[in-house]
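In order, the protein sequence lines correspond to chains A, B, C, D and E. According to my numbering, the stretch in the first sequence is residues 405 to 764, in order. According to my numbering, the stretch in the second sequence is residues 405 to 764, in order. According to my numbering, the stretch in the third sequence is residues 405 to 764, in order. According to my numbering, the stretch in the fourth sequence is residues 405 to 764, in order. According to my numbering, the stretch in the fifth sequence is residues 405 to 764, in order.
Keep in mind that a hint or two might mislead.
Each pair may be met inside one copy or between any two copies, as identical chains are not told apart.
[Said to hold, decoys possible] Here are the computed lysine to aspartate or glutamate pairs in the DMTMM-like style, where the Cα-Cα straight-line distance is at most 20 Å:
no., residue 1, residue 2
1, Lys-650, Glu-513
2, Lys-761, Glu-610
3, Lys-762, Asp-609
4, Lys-531, Asp-662
5, Lys-659, Asp-587
6, Lys-530, Asp-679
7, Lys-570, Glu-461
8, Lys-760, Glu-610
9, Lys-737, Asp-669
10, Lys-484, Asp-458
11, Lys-531, Glu-630
12, Lys-760, Asp-458
13, Lys-762, Asp-470
14, Lys-545, Glu-658
15, Lys-760, Glu-513
16, Lys-661, Glu-630
17, Lys-761, Glu-514
18, Lys-441, Asp-557
19, Lys-603, Asp-587
20, Lys-531, Glu-513
21, Lys-531, Glu-556
22, Lys-545, Asp-462
23, Lys-760, Asp-446
24, Lys-530, Glu-556
25, Lys-762, Glu-729
26, Lys-661, Glu-513
27, Lys-661, Glu-516
Simulated from the structure, these hints should not be mistaken for laboratory data.
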Amino acid sequence: MKRKQPVKIKKTKLAKSFGKAPGTVVYIGEKEHLSTKIEIHDYTKDSYNITETDNIEDAFVFKGNDHTSWININGLSHTKEITRIGEFYGLHPLLLEDIVNTNQRAKIEEYETHIFLVLKMMYFNKKQEFTVEHISIVLGKGYVITFQESEEDIFDPLRSRISNSKSRIRNSSSDYLGYSLLDAVFDNYFVVIEHLGDKVELLEDELFNEKTNSNITQDIQSLKREILRIRRSVLPLREVIGRIIKSETDLIQEKNKDYFRDLYDHIIHVHENIDVYREMIWGLMDMYMTTISNKMNGIMKVLTIISTIFIPLTFIVGVYGMNFEYIPELKWKYSYYVLWGIMFLLFLALLIFFRKKKWL
Amino acid sequence: MKRKQPVKIKKTKLAKSFGKAPGTVVYIGEKEHLSTKIEIHDYTKDSYNITETDNIEDAFVFKGNDHTSWININGLSHTKEITRIGEFYGLHPLLLEDIVNTNQRAKIEEYETHIFLVLKMMYFNKKQEFTVEHISIVLGKGYVITFQESEEDIFDPLRSRISNSKSRIRNSSSDYLGYSLLDAVFDNYFVVIEHLGDKVELLEDELFNEKTNSNITQDIQSLKREILRIRRSVLPLREVIGRIIKSETDLIQEKNKDYFRDLYDHIIHVHENIDVYREMIWGLMDMYMTTISNKMNGIMKVLTIISTIFIPLTFIVGVYGMNFEYIPELKWKYSYYVLWGIMFLLFLALLIFFRKKKWL
Amino acid sequence: MKRKQPVKIKKTKLAKSFGKAPGTVVYIGEKEHLSTKIEIHDYTKDSYNITETDNIEDAFVFKGNDHTSWININGLSHTKEITRIGEFYGLHPLLLEDIVNTNQRAKIEEYETHIFLVLKMMYFNKKQEFTVEHISIVLGKGYVITFQESEEDIFDPLRSRISNSKSRIRNSSSDYLGYSLLDAVFDNYFVVIEHLGDKVELLEDELFNEKTNSNITQDIQSLKREILRIRRSVLPLREVIGRIIKSETDLIQEKNKDYFRDLYDHIIHVHENIDVYREMIWGLMDMYMTTISNKMNGIMKVLTIISTIFIPLTFIVGVYGMNFEYIPELKWKYSYYVLWGIMFLLFLALLIFFRKKKWL
Amino acid sequence: MKRKQPVKIKKTKLAKSFGKAPGTVVYIGEKEHLSTKIEIHDYTKDSYNITETDNIEDAFVFKGNDHTSWININGLSHTKEITRIGEFYGLHPLLLEDIVNTNQRAKIEEYETHIFLVLKMMYFNKKQEFTVEHISIVLGKGYVITFQESEEDIFDPLRSRISNSKSRIRNSSSDYLGYSLLDAVFDNYFVVIEHLGDKVELLEDELFNEKTNSNITQDIQSLKREILRIRRSVLPLREVIGRIIKSETDLIQEKNKDYFRDLYDHIIHVHENIDVYREMIWGLMDMYMTTISNKMNGIMKVLTIISTIFIPLTFIVGVYGMNFEYIPELKWKYSYYVLWGIMFLLFLALLIFFRKKKWL
Amino acid sequence: MKRKQPVKIKKTKLAKSFGKAPGTVVYIGEKEHLSTKIEIHDYTKDSYNITETDNIEDAFVFKGNDHTSWININGLSHTKEITRIGEFYGLHPLLLEDIVNTNQRAKIEEYETHIFLVLKMMYFNKKQEFTVEHISIVLGKGYVITFQESEEDIFDPLRSRISNSKSRIRNSSSDYLGYSLLDAVFDNYFVVIEHLGDKVELLEDELFNEKTNSNITQDIQSLKREILRIRRSVLPLREVIGRIIKSETDLIQEKNKDYFRDLYDHIIHVHENIDVYREMIWGLMDMYMTTISNKMNGIMKVLTIISTIFIPLTFIVGVYGMNFEYIPELKWKYSYYVLWGIMFLLFLALLIFFRKKKWL
């Protein structure tokens with residue numbers, strides 16, 4: 405019952421675009437109420453300007469000068485403003501749809517005047533919560549526009565590099581800025597992956613330390629789901645970056661392609677790590693199964709030892725509890741002590757048997 | 405016995421085309437008795453005409469004018485009429501066979517004057533039942549013909565867009581109409597996939613909440629089968645849409661190819677989701693197995709605790725139930741109370757043992 | 405012991421060709437004693453002749469005329485006659501070896517004057533037994549030669565189509581005849597696959613209906629083996645038909661290639677179905693395992709309930725069976741009834757405990 | 405402890421070449437003490453000469469004449485002689501290293517004057533032991549040199565064919581001789597594979613006949629290992645033969661390529677069989693698991709039936725073994741018989757209960 | 405808690421480069437405190453010079469002469485000196501970053517004047533500990549520079565070969581030196597793989613010898629992890645060496661490419677072995693599961709045999725322990741002996757039953 409609700413919410417979410425004409429710009433995501441904030445970094449080798457505004461038209465000033473501009477748009481729910489900036493920079497309607505559709509998988513599209521990238525950002529936010537965010541990057545001649553769902557700090561180191569006039573970023577063109585943005589996104593992938601590895605190792609420890617409780621199945625399954633989710637985000641990135649490298653666009657200078665090749669390497673590395681952790685998690689499940697089986701064995705051993713020792717002894721004492729009138733042993737004076745002796749020997753014999761069976 | 409029957413029905417179904425000359429147009433499906441209904445939307449930018457008829461010849465009027473026509477044919481069992489329209493529009497006999505063979509998998513075939521597509525529609529009908537339907541689309545210059553098994557409402561939003569003279573569909577050529585039809589079909593895939601995801605999550609909840617009954621294996625297996633079925637329908641779509649994009653036909657304008665590229669993205673997205681759910685279902689089975697094993701462990705623990713406590717105690721009381729004439733303890737006044745004391749200590753010792761074993 | 409024998413037979417079988425020079429035409433198969441029967445259908449649009457004979461030379465008359473001839477040779481053990489017809493029609497020695505080697509997998513070889521195909525036929529014979537048969541097809545200009553192990557009826561519908569002067573087969577060249585033969589073979593694949601699907605479903609039903617007996621593992625394993633066997637036959641067909649389509653031979657007219665493309669579709673469809681059933685069978689094994697585990701749980705529950713109730717009670721009655729002289733309760737008049745009361749309360753308490761554990 | 409030794413031997417073996425300059429010809433294998441025996445078959449259509457010698461220089465006479473020579477060198481440990489023949493025939497140093505390194509996987513290398521092949525022979529030797537042997541083949545114009553570890557009889561049928569002046573081998577060039585050698589090697593693969601299939605079937609029988617002992621896990625695992633080992637040998641052969649077919653060398657005549665194509669088919673066939681047996685062995689493991697589980701179920705049933713019947717009965721008789729002074733039933737004359745009746749009814753009730761549970 | 409720490413250390417490690425500008429040369433590894441030692445082997449056919457120094461500038465002397473120089477740099481934490489040598493030899497900044505980033509996976513990059521390779525060395529150090537080390541190789545015209553984390557002895561045999569004026573290495577150019585270095589690295593892979601194989605076999609032995617303790621799951625899981633780790637290092641090597649072979653650089657002479665082809669073969673061999681061991685380890689887990697299940701069966705059998713024999717007997721003796729006044733058997737003189745007879749027969753009957761069930 406409790407579960408049903410989020411499911412319904414999802415259906416509502418989807419319903420927003422369902423049946424609409426393709427190319428309709430409808431925000432599909434969960435951060436509805438955030439207003440659109442615009443942050444513009446405009447710089448040359450020598451000058452640096454930073455503007456923060458709520459008015460989308462402030463962003464139009466920077467087009468066409470010989471500066472490099474990074475226009476960072478936070479908040480995707482106000483689709484009207486997204487549409488306006490799209491029109492101003494000549495973006496294709498389908499592309500605008502992708503910007504505001506947070507279900508869109510990573511992809512790249514090349515146009516004459518710009519390259520369009522959709523990615524997933526993954527990071528731990530200030531509260532150390534795992535966060536997946538939709539980000540779109542438009543890389544044009546002299547400008548880079550980024551569209552984010554909410555204002556986050558993963559670009560902070562980049563901001564400080566831009567403010568430093570001696571940084572390579574200030575001395576390079578917009579393609580290097582684009583590369584730096586991607587590099588910042590991918591750096592966070594490594595953090596996420598490493599965190600995942602820690603979780604796998606923690607679970608492994610728990611399993612070995614026999615501190616297993618019934619929740620471990622849930623932990624393994626939820627880890628599995630998380631890994632599948634990350635994998636789905638990373639999977640298309642290989643192709644995305646690969647296509648930038650092979651692209652013949654003049655938006656990316658030949659000398660800067662090495663940087664993108666480096667990104668490609670990073671992605672493959674992330675990918676391989678994910679696959680390794682995936683196999684390890686499957687292995688955990690197997691380990692858990694053997695742990696359960698071993699425990700059951702332990703329980704059964706105790707039961708069997710106790711039963712095997714005492715059931716025959718109980719039989720013996722039962723024999724002499726019978727009320728037959730003629731049981732000669734009953735009359736004999738030392739019967740009781742002899743019986744204890746016999747029972748003790750039987751007990752010893754069984755102990756030796758168990759030791760030989762390696763149950764003790 | 406009950407089961408045998410549907411199997412026989414299937415064989416009869418197959419028998420219809422079995423041994424016949426290839427190219428023979430025989431309806432293979434389960435909706436035999438439906439008459440063929442034709443619905444024609446004929447429009448230009450400025451005009452819009454809708455015709456509903458039972459007479460196939462009414463559809464021939466619209467060929468050759470400079471309008472765009474969407475001829476929607478519902479009901480495939482009257483193969484004669486299908487053959488007639490096929491002959492009128494110059495469709496290949498094998499193609500007609502594919503239209504009426506509901507077992508045909510998705511495929512694309514390019515001809516000089518038209519492109520032929522076979523697809524599976526998947527949707528929840530008005531009664532919220534999961535429905536798979538065979539649909540064929542012939543995309544020609546100025547016309548699109550669709551062949552459906554039964555009249556359903558997944559194209560309703562499309563119909564209303566056509567009736568709106570300002571919609572892009574009214575202002576575009578027949579290839580955009582074709583795209584819109586495919587888009588409507590694929591939108592429903594997402595709904596189906598999402599529904600699947602809900603089911604997987606519900607099953608997961610049930611497993612965690614220990615509300616497991618023996619039917620859960622059936623649920624998992626039937627979910628697995630459903631996923632395999634959907635996957636089989638989606639698998640060839642990738643190639644189908646990929647071939648439209650790479651096609652050099654002039655039936656699809658270069659400027660509209662972007663829309664088809666978008667469809668391609670959608671299909672890959674659907675595909676990835678299916679694979680994720682598939683892995684999750686396999687994981688569910690594993691989880692269920694560990695749940696069973698854990699339960700067994702619980703049962704065994706109870707049995708072992710009870711047995712381990714009471715079997716030795718029963719032995720002890722058995723000893724003093726023996727009828728030997730010389731058992732000194734029997735005569736001693738406090739024997740009974742001392743024995744209770746000993747048994748209580750043994751009981752405590754075993755409790756401590758179980759607590760150490762973490763069984764309590 | 406019983407098993408050893410077929411194995412030895414196999415070795416003998418292999419020994420026949422073992423160590424012989426390659427290209428030696430030795431029949432490798434199990435239908436040794438069948439004589440070679442020849443059946444010749446010679447037809448044009450207007451004429452139709454059918455000849456049945458034991459004399460291989462009767463087949464040589466039909467070469468070179470402008471008719472189309474289908475020469476069907478049944479029985480492969482008389483290799484001399486196979487060799488003679490091979491020499492007459494200019495077939496390569498290695499090709500003759502393939503015709504009589506029933507272990508040969510499906511393949512295609514193109515020669516200047518003919519195309520050579522090896523296939524496996526799969527069908528249910530008149531006695532409804534699953535049969536796999538080796539068939540070779542030589543497709544030349546104006547003639548098609550088929551080599552079968554034994555005379556079977558899967559080509560009967562084809563024979564009646566040939567006898568009908570208005571059929572497409574009578575109005576087409578030998579490549580259409582070749583296609584029709586392949587189509588007949590593939591139609592039977594669908595029947596076999598469907599039968600397989602029925603078996604899978606029957607097994608599933610048995611598992612659900614708890615009618616499980618220990619043979620079900622055997623059934624599953626033998627089903628698995630059967631599927632692997634069919635898969636091995638179907639696997640190379642994709643390439644075989646694919647190569648016909650891509651071939652530049654003039655033996656197959658361009659206009660008839662569509663028919664072969666259709667065959668290609670059929671093969672992919674068969675292939676996908678096999679993979680689905682394969683996954684389902686693997687799923688059955690899992691289901692069976694959980695069924696066993698569930699049963700074990702049921703058995704354990706009964707044991708645990710009975711033991712947990714009666715072992716403590718037996719201890720209690722044991723206590724008052726002791727022969728101590730000073731047990732005050734023994735003397736008290738209502739002890740017996742009070743004890744029954746206590747035991748009944750204990751019984752109730754355990755019932756409540758089991759109900760809480762959901763074991764009852 | 406016993407196990408450690410072969411491992412150490414292996415390390416010594418490896419140590420031989422470890423750290424040496426690449427191209428150093430060091431024998432790596434286990435048949436150290438065998439002297440090098442040379443066997444030369446020199447033939448034309450009309451003449452045939454066979455020479456057996458220990459002196460490597462006897463082999464040099466046959467180079468350059470217009471005969472075809474097969475120089476078969478047995479024993480690889482005398483690397484000096486290998487080096488000498490290598491120098492005489494102009495073989496690359498790395499190639500010599502491969503000849504004497506029995507760990508080398510199958511490969512092909514083309515040189516201007518010869519083609520070099522490394523293979524694994526697999527066969528059952530005269531004592532019916534499974535043997536894997538390293539063989540290198542140098543195929544040059546007019547000569548074929550084979551390097552074997554030990555003299556074995558798998559080429560015996562070939563020897564007799566060579567001695568027969570009417571055989572195709574006598575009438576063909578050295579490439580046909582090379583093909584015949586490969587064909588002899590591959591024929592033995594089929595024998596090995598078939599033997600493997602027999603083993604799988606035997607194991608399956610054992611499992612079904614319930615003759616399972618604890619060794620079956622070992623049998624399955626060792627079968628698995630054997631299959632992995634064969635697979636590793638066969639895997640590269642596909643590429644090796646494929647490259648001969650695609651090769652543009654004039655050492656292999658175009659008309660003889662068909663023979664190599666036939667070999668390629670054989671290899672694919674072997675490969676497919678291995679994969680099928682592999683899947684079947686994995687299936688065996690599953691079957692074994694269910695067999696164990698079924699047995700456990702059987703054991704549990706017996707335990708549960710006995711316990712469930714006798715534990716309550718034992719409780720009842722315990723009640724009347726109590727020594728209370730006031731148990732009215734004890735005094736009643738027919739109590740004993742009535743109690744037997746009650747216990748018998750209880751016994752019957754439980755039997756009916758078990759029959760309903762299908763445990764009996 | 406104990407576990408958390410290494411995880412934190414890792415995070416610190418990563419943090420070093422996190423957020424920095426790409427191309428920043430920061431050492432990422434664990435061997436911080438090692439100073440940079442430089443070892444230069446400068447040789448021609450006739451001369452040989454070896455220099456060991458701490459001063460990076462000593463390495464600059466050797467550039468440009470017609471000798472071949474091997475500059476081996478040990479210790480990567482002093483990034484300044486790495487940067488200086490990088491600048492001197494014209495290495496790309498990103499390349500320097502890869503040299504000091506020990507997390508970098510194997511890769512190859514071709515530049516006009518040099519080829520850059522990153523690899524993982526795997527070996528057992530002098531203390532026989534498994535060690536993975538990061539190594540970068542810069543192969544230029546007349547020089548090879550290697551960057552290692554710590555000074556190790558795997559290149560010792562190579563050093564002695566260089567000192568021998570008649571070795572091929574002294575008579576070849578720098579590409580052969582590069583090959584020899586790679587060959588030394590790969591030789592150690594074989595040792596590691598072989599060691600892994602020994603471990604797998606040891607575990608298998610332990611499983612068969614029933615010396616299983618609960619640690620075996622851990623051993624299997626850690627072996628699995630080790631294999632995944634090695635696999636991740638080996639995986640990219642295939643491509644790395646493959647690209648050297650396909651490269652059109654003039655840094656590697658055509659006649660020496662055969663050596664690299666040989667390396668390629670080695671890598672594939674390593675790869676196949678890893679995959680075989682991987683499958684074997686998965687098989688071990690299965691075997692372990694069946695071992696546990698078999699043990700459980702053994703335990704259950706003992707329990708069931710003991711219970712089945714003694715529970716009915718205990719019931720019987722219980723019957724005659726009842727205190728009814730009228731039990732005729734109690735009075736009869738031979739009752740006791742007859743009862744023993746009956747119980748002995750029951751005992752025998754059960755033994756026969758167990759023998760038939762094959763439990764004894």
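What label fits Lys-531 with Glu-630 when the C-alpha limit is 20 Å: within, between, both, or neither?
For Lys-531 and Glu-630, only the intra-copy Cα distance (19 Å) is at most 20 Å; the inter-copy one is 34 Å.
Could you place Lys-661 and Glu-630 in one of the four classes (within, between, both, neither) given a Cα distance threshold of 20 Å?
neither (32 Å within a copy, 35 Å between copies)
Intra- versus inter-copy proximity for Glu-658 and Lys-545 (alpha-carbon distance at most 20 Å)
within (15 Å within a copy, 25 Å between copies)
Using 20 Å as the alpha carbon limit, work out where Lys-650 and Glu-513 are close: within a copy, between copies, both or neither.
both (13 Å within a copy, 16 Å between copies)
Within a copy, between copies, both or neither: where do Lys-530 and Glu-556 come within 20 Å Cα-Cα?
Within one copy only: 9 Å inside a chain, 43 Å across chains, cut-off 20 Å.
Is it within, between, both or neither when you check Lys-760 against Glu-610 at 20 Å Cα-Cα?
between (32 Å within a copy, 18 Å between copies)
Within a copy, between copies, both or neither: where do Lys-737 and Asp-669 come within 20 Å Cα-Cα?
neither (91 Å within a copy, 88 Å between copies)
Since the copies are identical, ignore which copy is meant and state whether Lys-530 and Asp-679 lie within 20 Å (CA to CA) inside a copy, between copies, both or neither.
neither (28 Å within a copy, 33 Å between copies)
Within a copy, between copies, both or neither: where do Lys-484 and Asp-458 come within 20 Å Cα-Cα?
Result: close within a single copy only, 13 Å intra versus 46 Å inter.
Copy assignment of Lys-661 with Glu-516, given that the CA separation must stay at most 20 Å
Classified as both; 18 Å inside a copy, 16 Å across copies.
Is the C-alpha distance from Lys-762 to Asp-470 at most 20 Å within one copy, between copies, in both cases, or in neither?
Neither, since 83 Å and 72 Å both go past 20 Å.
Up to 20 Å CA-CA - Glu-556 versus Lys-531, copy category:
Within. Shortest intra-copy distance 12 Å satisfies the 20 Å Cα cut-off; inter-copy 45 Å does not.
Violation of the numbered hints given earlier is confined to hints 4, 6, 7, 9, 12, 13, 15, 16, 17, 19, 20, 23 and 25; the remaining hints are satisfied by the structure.
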